[in-house]
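Please arrange chain B on chain A, whose structure you already have, making use of the hints.
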Amino acid sequence: MLAASIFAIVLLAGTSPAASDGFVAIAGGPFQSTVRYDGDDGKRSVAAFAIASHAVTVREFDGFVRTHPQWARDRVPSLLADSGYLANWPSADADAPVTHVSWFAADAYCKSFDARLPDWAEWEYVAAADATRTDARSDVAWRGRTFQDGTPRAMDARSGANANFHGVSGMHGATWEWVGDYATLMGDADKRGAENGDRLQFCGATGLSFANRDDYATLKRVALLSAMEPRSTLGNLGFRCARSTP
Amino acid sequence: MIRVTRNLLHYALLCALGLGAPAAFAANNDAAPPTDTINAVLTAPPMVPPPTNRSTPAKVTVDLEVIEKEMRLADGVSYNFWTFGGTVPGSFIRVRKGDTVEFTLKNAHDSHMPHNIDLHAVSGQGGGAEATFTLPGHKTRFTFTALNPGLYVYHCAMPPVGMHVANGMYGLILVEPPEGLPKVDKEFYVMQGDFYTEGKHGEPGLQAFDLEKAIDEHPTYVVFNGSEGSLTGDNALTAKAGETIRMYVGNGGPNLVSSFHVIGEIFDKVYTEGGSKYQENVQTTLVPAGGSAIVEFKADVPGNFVIVDHSLFRTFHKGTLGILKVDGAKNPAIYSGQQANEEYPAPAAHTGGH
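Residue numbers (our numbering), protein chains in the order written: chain A, 1 to 246; chain B, 247 to 600.
Here chain A stands alone, though its shape is the one from the complex:
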């Protein structure tokens, strides 16, 4: 009963002005991704979808664990989460983005809400916006601030940071975020791509490379995600959920 009421509170806590269930509708459209696959030009067409207005918080994830006790720290199989899983509990700030969660756990959380993790292209599309523009990436000053992503100095880690153009908050926060298809970002462990001398290429099976060599925030984010296994957890890696538009 207690668990059920917490569950209800979790749902309410997700409410934002933009959408009653905490998700914001994204119209989508053509998008120039920084990430190129197999030598493509990085041009994507992002279909309409919805994304959570904020990253999943510790309180929200706690509610999930109470209703899905197989995801409790002392019960989760090591195949699905490494030893760092929820290692910061119970001292974690309940309103802060949840961290120390594996891809498996994040995926299970979203599915429990009839949602999913956003794809990289969807995440990148939403993250390209600042408060007034859908794509602020050519603004050198703004782009420079994104280099602090994943650190306490990140622009969206400040209290009172504004939501972006889409009404989505925390895309450039102190925590990185899992994406559903993060495994496509994997390349060789040494990203300098010695094989063909292209120093920016993430060579290897996916032939990943970068369409915009100045987008260091994305280079860093991809370097991080590509190092992860789906069971890995980090103290500054959380997630948010998304939904396809029917």
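Hints are computed from structural coordinates only; laboratory data are not their basis.
All figures in this text were calculated on a predicted structure; none of them were measured in a lab.
Some hints could be false.
Just a few of them, taken from the derived set where beta-carbon distance is under 10 Å, the chain B residues facing chain A [as the list claims (entries may be wrong)]:
#  : residue
1  : N326
2  : H355
3  : D356
4  : T380
5  : P382
6  : G383
7  : M404
8  : P406
9  : E444
10 : I461
Here a beta-carbon is modelled for each residue, glycine too, at the ideal position from N, C-alpha and C.
For chain B alone, kept in the frame of chain A given last:
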């Protein structure tokens, strides 16, 4: 780490005074069976670990931790450095040719992203970068044999590589030749690097990395050992007149080449680019980005000898300035000091007009 460093400083001083030769190192001169495992002594700049003093190769373990931390870049100016071992440049590593080096790279739990290490002393893919792709809170390990003697740069090679290096992720590893290096009285670790901050030079506060300045190769700071003043004032290097001095000089870059010079000294020997052959009687030596040089000279006379990158606007406007303070008795036979300062007659005024 700091305590270790101070102990080493103490040790180095003892050695310099001829009081050293501890049993641990003396023992290694003997049989040194190959199963012996030695934990490499790591030092923070400007200190250098003691010579290996070994006549045979050994298995050496190196344990280095990546630490991201805010530190002073100049007076009133701080920067979020990414470091090997908590200092810029990173810990000095000293091994011997033929050593089997078991290298463990840790990445601190509070690091914000993965890091790795490419040691130019390694013969193998990526210089170890591939084998040391290390998440925060993780550690990785690989083993290499130090095939080539020399003074080598190591650096992080995680993308974006330039940014990791620009944030201070470099240091030096010395692979001693089998016979060791000739004995000197003092050894120092000096490494140049260029830094790119959003604020102009001297603008106070925590300064963020500026990508545009880095791409344009227009640094706001060019410094020795990670900050302005790292080798001046109370931090000046010290020696006594008559002592022989060896400086292990590196250049982390990421962009600039250094024209390394000590004002008022001539390098008796320069192991050019950190290699095995030395040039003699050198005034200024080029240290490439991602390269090194070993310079040796005798501090013949007392004085304050200024260590510079002889690309001089860097020295006077961006920070490449250090001091070697040499104490001791003057030697007028080598250098008199000023002997005269007086006026001399102007040329006779032209009195023509005919």
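Each hint, compared with the structure:
| no. | hint | verdict |
| --- | --- | --- |
| 1 | N326 | 7 Å, holds |
| 2 | H355 | 6 Å, holds |
| 3 | D356 | 7 Å, holds |
| 4 | T380 | 8 Å, holds |
| 5 | P382 | 6 Å, holds |
| 6 | G383 | 6 Å, holds |
| 7 | M404 | 6 Å, holds |
| 8 | P406 | 5 Å, holds |
| 9 | E444 | 7 Å, holds |
| 10 | I461 | 7 Å, holds |
Violated hints for the displayed structure: none, as all numbered hints are satisfied.
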